[in-house]
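Asker: Chain by chain, the residues:
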Amino acid sequence: MKKAKFYPWYFALISLIIYTVFSVVPGLIGIGYSFTDWSAYSRELHFVGWKNFAKVFSGNSEYLRYILNTLLFTVVTCTFKTGLGLLFAVLLNKGVKLKNLHRGILYMPSVLPILVTGLTFSSILNPKYGFLNAFLKSVGLGFLAQKWLTDPHIAFGSVMAVDVWRGTGYIMTMLIAGIVAISPTYYEAASIDGANAWQQFKYITLPMLRQTLAVTIVLNVIYGLKAFDIIYALTNGGPGHRTEVMNTAVFNMMSKGLYAEGTTISSVMFVFMVIIGYFMVKILTKDEVVE
Amino acid sequence: MNKKLLAALLCGTAAIGAVSTCALAADTTITLLASQDWVYDAEMELGEKFEEETGIHVDYQIIPADQYYSVLMTKINSGECADIFGGQSGRFDIVTQYNVEENALPLNDEEWVSYYDEYAKAETSVGDNVYGMIYFDTTTDFYMVYNKKLFAEAGIEAVPTTFAEYMEDCQKLMDNGIVPFYECTADGWHHVMWFCEIGGRFEELEPGITDKLNNNEATFADTEMFKTCLEQIKEMADAGYFGDNYQSDEYAGMAYALGSGEYAMTMAKPGTIAEIAEASDGEYTVDDFGMFYIPTLDCQVLNVHPVGPTRFIYSGAEHPDEAKQYLAFLARPENLQYMIDNEPKVENYPFNADQTPAYSEETRAFIDGSESRGTVFQDAIKYLNPQWFDFGQDIIAYLNGDMEAEEVLANVDARRADQAAAAGDEAWS
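Respectively, the protein sequence lines represent chains A and B. Residues 368 to 658 (this note's numbering) make up the first sequence, in order. Residues 436 to 864 (this note's numbering) make up the second sequence, in order.
By construction, these hints were calculated from the structure, which means they are not laboratory data. Please note that the accuracy of each hint is not assured.
Lysine to any residue pairs mimicking SDA-like chemistry, simulated, CA-CA at most 20 Å apart [to be verified]:
(1) 510(B) to 461(A)
(2) 464(A) to 540(A)
(3) 461(A) to 518(A)
(4) 418(A) to 675(B)
(5) 495(A) to 857(B)
(6) 669(B) to 518(A)
(7) 669(B) to 597(B)
(8) 495(A) to 680(B)
(9) 669(B) to 687(B)
(10) 495(A) to 510(B)
(11) 422(A) to 855(B)
(12) 422(A) to 825(B)
(13) 584(B) to 787(B)
(14) 510(B) to 596(A)
(15) 647(B) to 510(B)
(16) 662(B) to 841(B)
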């Protein structure tokens, strides 16, 4: 490719400055504050070394549970959103009547404000007055009725299920765009060679979707690690602390005026996200199929 | 001529000033941030009257109770709070939790301060400055409210005076197909009262414990009676006396739950009885309900809770003068009376404005009949009230088997220590 076809580097300068000033610098300052006793209760700021980090990683710290919850939320929602998104993308690609209507319906939850989703599902999942249990009882499946958001063994699963319901359509849309971009000639050639639908999916669709899948998985993972609003709206971290994740802990610390502890947890999350994001991009874009 | 001209100019300027002031007020909207259940319908009606009178609109921003403090503190700490914010008062907490000296405006010059209850004034002041106006009926507290008819049908002849008797009565009610107690932990605050409201009993069982806790000479985790109290709460929950749905139930559903006859008891303010009777569609009257002491640790001490939800004017308020005007409007004697007459939950307010309280005979008899009284722990103990919702969350974790009672109490101590350290409390240094 001719060198002249590249735009000059300074075209990106303004974006880079804005990104640096509003994202990178505050992030670094935040990491700096993690080593202090910054709080709303005192105007003085003291360097405390690794004390805040020691608290987060101490053996009896509740933060370790929140880290595990965050990772669990990320893995489960990412797996289901990607799996279901891919399934729906393939099913709604061709040979379905009113496919755009179906796609629209599946995409719709993604555009709803998360708080609206949370409040709606709080009502639907209420064990006594909620629609879900009432429906299950009305069709003779009352034994499946649960305390969806208050049973400590089920609550986190319910929250993740709502998040999967909300996010699958978005992933499906991205994957549909990826599938549509695959040249039909591959499928024609495969058909002539006698490949069945599964073989076409396995040997054509999946490899050609790898880049799109990499993007969706990275987005899902980053979203999962940053999860806050859906949990806040549905359970506020409860019952007890069962559905607490790192960002609900950050919010709690900040609202209590314990800023240094809040920024410490954020810094830990930042490092997690950078490491996980880096390796995921490396792994998922390895041996890319290029048309 | 010149004098006339000057006078005309001054009059003209004054008139323009008055018109512009009116126009400014007419366009003004003040914001009021409060937790669920802190702003009653009757107050909103007063808000409409206030708007008619002044042209100032009041935008009530109501936050679910379990999320209120995190939202409030985030707004305060980020410098973006509403003109008026609600918060629990208490001489320790208004300093350590809200830092009112920085975040609220002093209200000493307001007329209502002259007839504001002295105790309420003390609990909302720092030094010589009054920072808040308690706008809650703090003349009574939350007591055990029970349905006399359901008790009689279950063969219960007298109200329980010990925890053991209470548990026996609960079982009798259960056997009769009635859920004994309407507990509602979804809001995050109600269940904590089983513990904190019996401060008088704690002091009775271990005299001096209040001072010891406040001087950091004792801890919650090392004091056996606190653990016993938590165990009794769990005993009730495990026995099913709170019903199946208590972790999803909200305080807002209490009147209907008791009015329907499905539940026999709850913990509520006496004024709520009228609301329950109204929700029963004629099934019950106010005479069908009575009150007794909160039975944890065999408590027979009347709980006294002289502080409550309070209105503060944010120091960074966009419309501080209009916000002061609104508080002054609420505190007018006729408007205090309006609230007492129109809101069942309010029987009186902590003002000496010659208002006529609406105490029922049952309430008077119950309060007058108490032989001993004790201040609730959230008022008596430093650094306890600000962690009410954290404590509540830990209690739920304990009820669900995720934590031990000792851990819950150790967390209370740890949070107190954190706050004391941040506040520079010498007793913790």
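Asker: Keeping to a limit of 20 Å between CA atoms, is the pair of residue 495(A) and residue 857(B) held or broken?
Answerer: 43 Å, violated
Asker: Tell me if the straight-line CA distance from residue 510(B) to residue 596(A) falls inside 20 Å.
Answerer: 17 Å, holds
Asker: Please work out if residue 461(A) and residue 518(A) have their alpha carbons no farther apart than 20 Å.
Answerer: 42 Å, violated
Asker: Given the hint that residue 418(A) pairs with residue 675(B), does the C-alpha gap stay at or below 20 Å?
Answerer: Violated: residue 418(A) and residue 675(B) sit about 43 Å apart, past 20 Å.
Asker: When you check the alpha-carbon spacing of residue 495(A) and residue 510(B), does it fall within 20 Å?
Answerer: 34 Å, violated
Asker: Do the alpha carbons of residue 422(A) and residue 855(B) lie within 20 Å of each other, as the hint requires?
Answerer: 18 Å, holds
Asker: Are the Cα atoms of residue 647(B) and residue 510(B) separated by 20 Å or less?
Answerer: It is violated: about 34 Å lies between the C-alpha atoms, which goes past 20 Å.
Asker: CA of residue 464(A) to CA of residue 540(A), is that 20 Å or under?
Answerer: 17 Å, holds
Asker: Quick one, are residue 669(B) and residue 687(B) close enough, alpha carbons at most 20 Å?
Answerer: Violated, at roughly 23 Å.
Asker: Quick one, are residue 669(B) and residue 597(B) close enough, alpha carbons at most 20 Å?
Answerer: 17 Å, holds
Asker: Can the restraint linking residue 422(A) and residue 825(B) be considered satisfied, given a maximum Cα separation of 20 Å?
Answerer: Cα-Cα ~18 Å, so holds.
Asker: So if I understand the rule, the pair passes when the alpha-carbon distance is 20 Å or less; does residue 669(B) with residue 518(A) pass?
Answerer: 16 Å, holds
Of the numbered hints listed earlier, those contradicted by the structure are 1, 3, 4, 5, 9, 10, 13 and 15.
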